[in-house]
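Participant: Here are the chains, one letter per residue:
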Amino acid sequence: MLKFEINRVFFSGESNLMRILLHYVFAALILSFYGGEV
Amino acid sequence: MLGAYTSLGFGLVFIIRKFILKKVVETSALIEQAKRQFFTEYILVLIIGLFVVFLNYFIIGVPLTSGMVFFIGFISFGFFISIDMSLEKERDVIKKAMEKSQDALVTRQFYPLTRKFFIVALVTNLMVMVIIMLIIGRDLSWLADIDPSSVNLMLGDVTKTIFKEISFIIATLLILVINILYSYSKNLKMLFQTETGVLESVTNGDLSQLVPVATNDEFGVIATNTNKMIHGLRDRIRMLTRLNMAKEVQENLLPNKAPDFKHVDISGKSLYCEEVGGDYFDYFNLGENKVGIALTDSSGHGVGAGLHMTTIRAFFRYGVQDYKGLAPLISSVNKHLTKDSYETGRFTTVFFLEIDFETKEINWVRAGHEPALMYHPGTKKMDKLLGNGMALGVDEDMVVQESKIQGWEKGTVLVIYSDGLKESKNPAGEMFGEKRISDIIEEYASSSAQTIEENLIKDLKEFMQSSSIEDDITIVVIKFL
Numbered sequence: 001m002l003k004f005e006i007n008r009v010f011f012s013g014e015s016n017l018m019r020i021l022l023h024y025v026f027a028a029l030i031l032s033f034y035g036g037e038v
Numbered sequence: 001m002l003g004a005y006t007s008l009g010f011g012l013v014f015i016i017r018k019f020i021l022k023k024v025v026e027t028s029a030l031i032e033q034a035k036r037q038f039f040t041e042y043i044l045v046l047i048i049g050l051f052v053v054f055l056n057y058f059i060i061g062v063p064l065t066s067g068m069v070f071f072i073g074f075i076s077f078g079f080f081i082s083i084d085m086s087l088e089k090e091r092d093v094i095k096k097a098m099e100k101s102q103d104a105l106v107t108r109q110f111y112p113l114t115r116k117f118f119i120v121a122l123v124t125n126l127m128v129m130v131i132i133m134l135i136i137g138r139d140l141s142w143l144a145d146i147d148p149s150s151v152n153l154m155l156g157d158v159t160k161t162i163f164k165e166i167s168f169i170i171a172t173l174l175i176l177v178i179n180i181l182y183s184y185s186k187n188l189k190m191l192f193q194t195e196t197g198v199l200e201s202v203t204n205g206d207l208s209q210l211v212p213v214a215t216n217d218e219f220g221v222i223a224t225n226t227n228k229m230i231h232g233l234r235d236r237i238r239m240l241t242r243l244n245m246a247k248e249v250q251e252n253l254l255p256n257k258a259p260d261f262k263h264v265d266i267s268g269k270s271l272y273c274e275e276v277g278g279d280y281f282d283y284f285n286l287g288e289n290k291v292g293i294a295l296t297d298s299s300g301h302g303v304g305a306g307l308h309m310t311t312i313r314a315f316f317r318y319g320v321q322d323y324k325g326l327a328p329l330i331s332s333v334n335k336h337l338t339k340d341s342y343e344t345g346r347f348t349t350v351f352f353l354e355i356d357f358e359t360k361e362i363n364w365v366r367a368g369h370e371p372a373l374m375y376h377p378g379t380k381k382m383d384k385l386l387g388n389g390m391a392l393g394v395d396e397d398m399v400v401q402e403s404k405i406q407g408w409e410k411g412t413v414l415v416i417y418s419d420g421l422k423e424s425k426n427p428a429g430e431m432f433g434e435k436r437i438s439d440i441i442e443e444y445a446s447s448s449a450q451t452i453e454e455n456l457i458k459d460l461k462e463f464m465q466s467s468s469i470e471d472d473i474t475i476v477v478i479k480f481l
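Protein chains in written order, with the working numbering: chain A, 1 to 38; chain B, 1 to 481.
If you are wondering where the hints come from, they were derived from the structure by calculation, not from laboratory data.
There is no bait here: all hints are sound.
Simulated restraints, written as ranges between beta carbons of each label pair: (1) ARG19/A x ASP147/B: 45 to 55 Å; (2) SER66/B x MET18/A: 27 to 37 Å; (3) VAL177/B x MET18/A: 12 to 22 Å; (4) SER141/B x ARG19/A: 33 to 43 Å.
A few chain B positions that, by computed beta-carbon distances, are all more than 12 Å from chain A: (5) VAL24; (6) TYR323; (7) THR338; (8) GLY378; (9) ALA445.
Note that CB positions come from ideal geometry on N, CA and C, so glycine has one too.
Just chain B, with the same shape it has in the complex (with noise of 0.2 Å):
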């Protein structure tokens, strides 16, 4: 009769069990779900054990503490059929969330993997200390309503009794303890599997694919942590794909070679730290004799500077359309860009040159810039083209100042450079300074303007070695001819 009430608890609960499941375990939230499962199939299991004790006891009048005692054989099939089903709902989960790519977010209050381990291996060891001690009393209790007289021709037959008994029950729960070790073994290959699988795709390149968040536990912050970093990832690359693209476009804003003027071979070239930069230069042509070069430094560097670069270059195309002499196109340029800029901090360093080479003048602004160095061959002398001035974007009403000399011998060469040239220095701190750089223009100074720059960057990145531009560095080399 025991065995049919059994049979039939658990048949009644099998047929109803799949709409209790779905009620309750479907309608959750995927990271829940191995949970919900878990505590559900084991109400299902103590439900069934109170249902046949029950039965027991109104039908054929089995005491209740026997029936307790059953329902401790319940309580231990319940806790292993659980965690079997949870696991097996884990898996499930992990599928599911793989094939949505699901990025759920697993935060600080998550369930442990050494907090389940301890709490299955506690239960499983006291499950069987209380069957083998309910088993063992029940024997004793047996043995002592025996005739004190024939105990010693039963004691062969008790010592069989109770070891089979034993082995029974340890058999029976080394195979639920074997199944449930292979069942999360199998979800830790599973768990393994997706967060490996995801970071070899990362190491390739492929950033398509995120980990599967599909357990509340240290896999779930692994794989949490893991997208977080594909998403940053994602960002970085989204973001380096833009400034490439702002790179290509500031590059089309910088003259890519030198113009073709009559007196003068020229030579430009921007060494930017970031990809977008803030310093700038630039060739005008302001007349048949007149030729205007510029060159300035945003300060900062990176995509501020980069766009305060654009500003001052559109301030500049358009004032030499008007071209009215330098002090006035310095000064136009000046206003407009304080009213820009004047709350953002942002200044800018100009040196701007005008020859004319009808008159053989050379007038210059040097507004908060490094002084251009200008080399003449016949002397072998260095002089610096100084000037007083303060940067642009500071003071709307700043004088400017203008400076001049007259004439130039054949071969002199004038070098304008922003200060990130000065100022790079070596692994050993050192600064390639203004020395070397009016070596390297007197070693060079018979060489072409093109020749004189390219061995001025050369130089700088043999100085410089294994260390990094930290400033935005431009030179301009006008060769006199």
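This is chain A alone, in the form it adopts within the complex (with noise of 0.2 Å):
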């Protein structure tokens, strides 16, 4: 019930979410890093 929940309101119909998801994974682990340096 909860799986297709979460398909329902994230995934369904939108195939564009896996790529910002990769998108923000990506961005907070170099910005994560990138404001240690800073």
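Dock chain one against chain two, each of which comes alone in its own frame, and use the hints as you go.
Facilitator: Below you can see the structure in the form of structure tokens.
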């Protein structure tokens, strides 16, 4: 039920959701590292 | 802590992002969606940046100046994320537009591709420069704080660190730029495929598809113009189909074979310069021993002249039912025609011939028309059937004058024709002329009316070569048996 709901809310009918997820994860990783540096 | 706040910011926005996009992007017109996606995504990333900076400031106590440097990272990442997601949206829009056969219009105020390229290149370079300068600046201030006695020992480590940091920044930006280039090339491929695919279909005669107008740039303009062209072609084909139907109808209004009169052999033919024309010829049985032959030429050509021609045909067909002579018939037709067409400025020239086999009389009315040619085989002389008269449709009270000749010899050939025959030109601009018509009649005078008519048309076509007919041409050949 929960899996179905997650699928419905986040992934149904929107192909770019995985793409933005990857972007956000990549950005969070790099920015955390970069932020630590600056 | 910094990583946790950053992840928290991205996580929160990831959850609400879909609902915001639904409200802001999905509700707008297809052509606007990619642009809206870009700005929405960018604003969301900047909000995450501000959230993290303020969280750091209030909870950990990181100074705002350090926070602003950190924020530049969000500005850079936001830019690349937004472009990539906007390109992804553009692909979605292209697919949706293809499904809907979207036919929007892109006006002259489109956003040129050159400007997009310039802005992306400029912003990317500026970001690389700013980030590298920030890192170098930070490293220099770090070096300044080091004990001068140990600087020489540490220089190797410092060089390595700076090199590592710059490599890291360049590698990150390179990944982001390559991703955008790859994404944009996919869009270009789609746009080219849709445009060339539709153009190929049009070339093969399939006008059912339109190019989806999905972008507000040169591709959108090309797609708009291609669609305009397809709409124009559809209209032209629709019009041609209707004109061909009109042509079929008009062809049935002309006699398709010579009537079976006892003492004359008759053949007639019309060639129109467009699908429909203004020339008309007809044969009438005017009594036991009388035949009437009419040839009319309405001013102009094409649909207007064609409609005029059908009106004249109706007047003649109706008039001959109660035939009381040539002049009354032509007067009556003229009266009706003037009432109908005076306002239009159209007029019609007429040559109407009445042959009485009992009295051996030929009566005719020449109303502004070319004189008919009459060839006498015995004397080999060519006469012109002249006579005074104005074209019909100009003066309602016009007095119609009849002309008459008595008798004919066997084998006499009479040719009535419209001015299109005489005035047809060859590529050199030379007219076919009356002399050539007379020569052909004389050459084929011993043949049937149909042979004379066919040879007139054959010689005309040979004379004209590649030139096209500029006016309707009608020939009626009457041979006395």
